[in-house]
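Listed below are the residues making up each chain.
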Amino acid sequence: MSIISKVLLIVALAQLFHSGFSSYEFHQLKKQLAAGSSVAIDQISLPKDIRLEVLSGLILFTFSVFMSFGKLTYLPLSGKPVLLSQHEYLKEIDMNRATMTNNLIGSDPYGEITYTPNFVDVHAKRKELKQWLNDRESHDKVN
Amino acid sequence: MSSSEAFADIKSPVSIEFNRKVILRIQDITSLVYGCGAGILQLESLQGFGLFAISYISVAFVFFAWFCHFQPGKYFQSPVQEVLIDSLFRELAGFVMAWTFVYALLG
Chain W
1 MSIISKVLLI VALAQLFHSG FSSYEFHQLK KQLAAGSSVA IDQISLPKDI
51 RLEVLSGLIL FTFSVFMSFG KLTYLPLSGK PVLLSQHEYL KEIDMNRATM
101 TNNLIGSDPY GEITYTPNFV DVHAKRKELK QWLNDRESHD KVN
Chain C
1 MSSSEAFADI KSPVSIEFNR KVILRIQDIT SLVYGCGAGI LQLESLQGFG
51 LFAISYISVA FVFFAWFCHF QPGKYFQSPV QEVLIDSLFR ELAGFVMAWT
101 FVYALLG
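Note that the protein sequences, when read in sequence, are chains W and C.
As numbered in our numbering, residues 1 to 143 make up the first sequence, in order.
As numbered in our numbering, residues 1 to 107 make up the second sequence, in order.
I should point out that these hints are in silico values taken from the structure, not numbers from a laboratory.
Computed from a predicted structure; not experimentally measured.
Idealized CB from N, CA, C, for every residue including glycine.
Treat the hints with care, as some may be off.
Stated by the list, open to error - The calculated DSBU-like cross-link candidates involving lysine-lysine, where the alpha carbons are at most 35 angstroms apart (straight line), are:
#	chain 1	residue 1	chain 2	residue 2
1	W	Lys71	C	Lys74
2	W	Lys125	C	Lys74
3	W	Lys141	W	Lys130
4	C	Lys11	W	Lys91
5	W	Lys141	W	Lys125
6	C	Lys21	W	Lys71
7	C	Lys74	W	Lys80
8	W	Lys71	C	Lys11
9	C	Lys74	W	Lys91
10	C	Lys11	C	Lys21
11	C	Lys21	W	Lys91
12	W	Lys71	W	Lys91
13	W	Lys30	C	Lys21
Said to hold, decoys possible - One-sided and incomplete, this derived list gives chain C residues near chain W with beta-carbon spacing under 7 angstroms:
#	residue
14	Ser12
15	Asn19
16	Lys21
17	Leu24
18	Ile29
19	Thr30
20	Leu32
21	Val33
22	Gly37
23	Leu43
24	Trp66
25	Phe67
26	Tyr75
27	Leu106
28	Gly107
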């Protein structure tokens, strides 16, 4: 959420809260008038400034919500850690376009299928590593 | 048929789901707040539903313009269905709930 969005949100909520309180006071006053005098209270509608304040609050709130979504950024999995962006708020749904993002950041979402890590014999790999470490140690001793 | 033509219709479910969540979040928040606005204004019957219709369509229009750059087909399989129709009753329920609550609170 950007700073402008936060500021707009605070202003919008303040306007809505203030207009809500003003509306409450207005209706309390209207009830008292109805009880104590013969004024035709049905003719009295909510003052224009309160209505405009509500409208302003709603519009600012809408913009604040939209501005709370930034353009999508990605951190590449390899290379320099710089934020990459395609200047889009949403992701394109065509598969050939959607995979461009994965290519951009160097991610393979189907790596589990492509490389089948669940088929790897872990015990054999550990044995291989142990053998390599032993070979290296014995090589170091000779030198 | 070339391979690029054959694969042209394949859609990314991850992107579809992501875009759906974005529009749903925007509509959820705005419908609740517009409901509060209708309550503050003490709107009744068709006036309140009118405000809902105006706000719902305006938010969808701003979304199409701002986020989709007037090309919603790139981000939704069926833009009108997914943005305007699928979540209509969900948002209407949220709007009416906030509207009646604030109306009763202030009236």
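Okay, the hints, checked on the actual structure:
1. Lys71/W - Lys74/C: holds, 16 angstroms
2. Lys125/W - Lys74/C: Violated, because 45 angstroms separates the two Cα atoms, which is more than 35 angstroms.
3. Lys141/W - Lys130/W: holds, 17 angstroms
4. Lys11/C - Lys91/W: holds, 11 angstroms
5. Lys141/W - Lys125/W: holds, 24 angstroms
6. Lys21/C - Lys71/W: holds, 15 angstroms
7. Lys74/C - Lys80/W: OK: Lys74/C and Lys80/W at ~30 angstroms, within 35 angstroms.
8. Lys71/W - Lys11/C: Distance ~22 angstroms between Lys71/W and Lys11/C Cα, so the pair holds.
9. Lys74/C - Lys91/W: Within the cut-off at roughly 9 angstroms; holds.
10. Lys11/C - Lys21/C: holds, 17 angstroms
11. Lys21/C - Lys91/W: holds, 11 angstroms
12. Lys71/W - Lys91/W: holds, 10 angstroms
13. Lys30/W - Lys21/C: violated, 44 angstroms
14. Ser12: For Ser12/C, the interface hint holds, since the closest Cβ of chain W sits about 4 angstroms away, which is under 7 angstroms.
15. Asn19: The hint holds - Asn19/C has a Cβ within 7 angstroms of chain W, the shortest such distance being about 5 angstroms.
16. Lys21: violated, 10 angstroms
17. Leu24: violated, 12 angstroms
18. Ile29: holds, 5 angstroms
19. Thr30: holds, 6 angstroms
20. Leu32: With Cβ-Cβ at 10 angstroms, over 7 angstroms, it is violated.
21. Val33: holds, 5 angstroms
22. Gly37: With a closest approach of 5 angstroms, the Gly37/C hint holds.
23. Leu43: violated, 10 angstroms
24. Trp66: holds, 6 angstroms
25. Phe67: Cβ of Phe67/C sits 4 angstroms from chain W, so the hint holds.
26. Tyr75: holds, 4 angstroms
27. Leu106: Result: holds, 5 angstroms to nearest chain W Cβ.
28. Gly107: holds, 6 angstroms
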